[in-house]
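Asker: Chain by chain, the residues:
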Amino acid sequence: MKRTILALALVLFAGACAPKNYVVLLENPEGGSGKVLVATNEGQQVLDEPGTATAIDKTTRAPSSPWVLGVEKIQEVFARAFTARPEPFKRFTIYFVRNKVQVDPASQADFDQMLSEARKRPGADATVAGHADRTGPDARNDGISLLRAYKMRDALVTAGIPIERIELSEYGETRPAVPTADDVPELRNRRVEVTIR
Amino acid sequence: MRKLSLVVLVLSLLGAQVASAADPIGYVKTATGTTTVVRAGATRPIKVGDALYENDTLKTGLESSLGVTMKDGTTLSAGPETELLLDEYAYAPQNNELGFAARVSQGTLDFVSGMLGKLAPESVSVETPTGVIGMRGTHFVVRVEPGQKFPDGTSARRAGKEG
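Protein chains in written order, with numbering that gives the first Met the number 0: chain A, 0 to 196; chain B, 0 to 162.
Treat the hints as calculated values from the structure; they're not laboratory data. Worth double-checking, as some hints may not be accurate.
[To be verified] Below, in silico cross-link-like pairs of lysine to aspartate or glutamate (DMTMM-like), each with a Cα-Cα straight-line distance of 25 angstroms or less:
| hint | chain 1 | residue 1 | chain 2 | residue 2 |
| --- | --- | --- | --- | --- |
| 1 | A | Lys150 | A | Asp103 |
| 2 | A | Lys89 | B | Asp49 |
| 3 | A | Lys89 | B | Glu96 |
| 4 | A | Lys72 | B | Glu80 |
| 5 | B | Lys148 | A | Glu41 |
| 6 | A | Lys89 | A | Glu29 |
| 7 | B | Lys117 | A | Glu29 |
| 8 | B | Lys117 | A | Asp47 |
| 9 | B | Lys117 | A | Glu116 |
| 10 | A | Lys150 | B | Asp22 |
| 11 | A | Lys57 | B | Glu126 |
| 12 | A | Lys19 | B | Glu62 |
| 13 | B | Lys46 | A | Glu86 |
| 14 | A | Lys119 | B | Asp49 |
| 15 | A | Lys72 | B | Glu126 |
| 16 | A | Lys57 | B | Glu144 |
| 17 | B | Lys46 | A | Glu163 |
| 18 | A | Lys72 | B | Glu62 |
| 19 | A | Lys57 | A | Glu41 |
| 20 | B | Lys46 | B | Glu80 |
| 21 | A | Lys34 | B | Glu121 |
| 22 | A | Lys57 | B | Asp86 |
Model the full structure from these sequences, guided by the hints.
Answerer: This is the structure:
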């Protein structure tokens, strides 16, 4: 009799572990984890412990109390979704020689890394934003920040990203990384910010 | 210096036009097996490098998978027999236009939030037929059994939004 009850309990437990719909919080790819809030018409459940799940089988029932789904089960159900996950985006800031559309020697390594990232990513797309420091007239800075952005875009195109997948913007001296007085040269503001996805 | 404010004004006017409906909101990064998009009522195959637009419905077949990266860096990857609607999407931090609403009507989905999850987590949601998932800068997976309807009676695609 005891054995029957135990067996029955196990069956019920297994049943409870396989709801129709559920959400599982996982660790962030870069480590750490956030929270998810899962809500139905009848209530909500917060998951804040990686590996825990909540079931949402009906809109008319509150999400279940969290339970641990188990690494093997997660892998079994989501294996293909995991394999298909794209790489996280990468950001590069490339600095420029004063009054020139020329990459500063200090940024050469980052520039090379940016290109190798562009080469190795299938279906890569990018955002390129050009900036200038506050030396010289505003109009000239608009121009030079645009030319710097073009230069990075051209390099990315050479590295294999189709031009139509690159979004380009230029900000002149209007968005300094480091605020300065007018006409102050500042390497950290003479830059192009590149995001590769 | 007086010119600076004019430049800012012009740039912000330009910026205001950025979020037009014709702009891609993301791109396909991985695809295996049968992967399609339903756009303006027509179903067509979709492959690595293809652009995605607001209101696209992505579908994977048997033994198939699809991974996409949105403009803000959010990644969504779907396992087999998954249907995912990119319902609403805005990523224009300069204009404070931020938001993402997706719908999974069936299948398995891995979701890793990007900049939107950092800048405006409360504006990001993934809807399933039986509940809504909100997040605070996070990675989660969701599984939805096929054959369920959303409370408004639709499957993944919203009635009246097509075309």
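Asker: Please go over all the hints and tell whether each is borne out by the structure.
Answerer: Hints, one by one, checked against the model:
Of the pairs offered as hints, the one joining Lys150 (chain A) and Asp103 (chain A) holds, with about 13 angstroms between alpha carbons and a cut-off of 25 angstroms not exceeded. Simply put, Lys89 (chain A) and Asp49 (chain B) have alpha-carbon atoms about 20 angstroms apart, close enough for the 25 angstroms limit, and the pair holds. Restraint check for Lys89 (chain A) and Glu96 (chain B): satisfied, since their Cα atoms lie roughly 22 angstroms apart, inside the 25 angstroms limit. Using a Cα cut-off of 25 angstroms, the hinted pair Lys72 (chain A) and Glu80 (chain B) holds, with the two alpha carbons roughly 18 angstroms apart.
Taking the CA atoms of Lys148 (chain B) and Glu41 (chain A), the gap is near 18 angstroms; set against the 25 angstroms cutoff, the hint holds. At most 25 angstroms may separate the alpha-carbon atoms for a hinted pair to count; Lys89 (chain A) and Glu29 (chain A) meet this at roughly 12 angstroms. For the proposed pair Lys117 (chain B) and Glu29 (chain A), the alpha carbon gap of about 14 angstroms is at most 25 angstroms, so the pair holds. Only pairs whose Cα atoms come within 25 angstroms are accepted, and Lys117 (chain B) paired with Asp47 (chain A) is accepted, the gap being roughly 17 angstroms.
The straight-line distance between the Cα atoms of Lys117 (chain B) and Glu116 (chain A) is roughly 24 angstroms, inside the 25 angstroms bound, and the hint therefore holds. Between the alpha carbons of Lys150 (chain A) and Asp22 (chain B) the distance comes to roughly 23 angstroms, so the proposed pair stays at or under 25 angstroms and holds. Under the criterion of a C-alpha separation no larger than 25 angstroms, the hint pairing Lys57 (chain A) with Glu126 (chain B) is consistent with the structure, at around 13 angstroms. Using a Cα cut-off of 25 angstroms, the hinted pair Lys19 (chain A) and Glu62 (chain B) holds, with the two alpha carbons roughly 20 angstroms apart.
In summary, the hint linking Lys46 (chain B) to Glu86 (chain A) is supported, as the alpha carbons are separated by about 17 angstroms, within the 25 angstroms threshold. For a cut-off of 25 angstroms, the pair hint linking Lys119 (chain A) to Asp49 (chain B) stands: about 17 angstroms separates their Cα positions. The suggested pairing of Lys72 (chain A) with Glu126 (chain B) holds, with an alpha-carbon distance near 23 angstroms, which does not exceed 25 angstroms. Pair hint Lys57 (chain A) plus Glu144 (chain B) holds up; C-alpha atoms about 12 angstroms apart against a cutoff of 25 angstroms.
Annotation: proposed proximity of Lys46 (chain B) to Glu163 (chain A) holds, straight-line Cα distance about 16 angstroms (limit 25 angstroms). At most 25 angstroms may separate the alpha-carbon atoms for a hinted pair to count; Lys72 (chain A) and Glu62 (chain B) meet this at roughly 18 angstroms. Distance restraint check for Lys57 (chain A) and Glu41 (chain A): the Cα-Cα separation of roughly 9 angstroms lies within the 25 angstroms cut-off, and the hinted pair is therefore satisfied. At roughly 16 angstroms between alpha-carbon atoms, Lys46 (chain B) and Glu80 (chain B) fall within 25 angstroms of each other, so this suggested pair holds.
For the hint linking Lys34 (chain A) to Glu121 (chain B), the alpha-carbon distance of about 12 angstroms falls within 25 angstroms, and the restraint holds. Proposed proximity of Lys57 (chain A) and Asp86 (chain B) is supported: the alpha carbons are some 22 angstroms apart, at most 25 angstroms.
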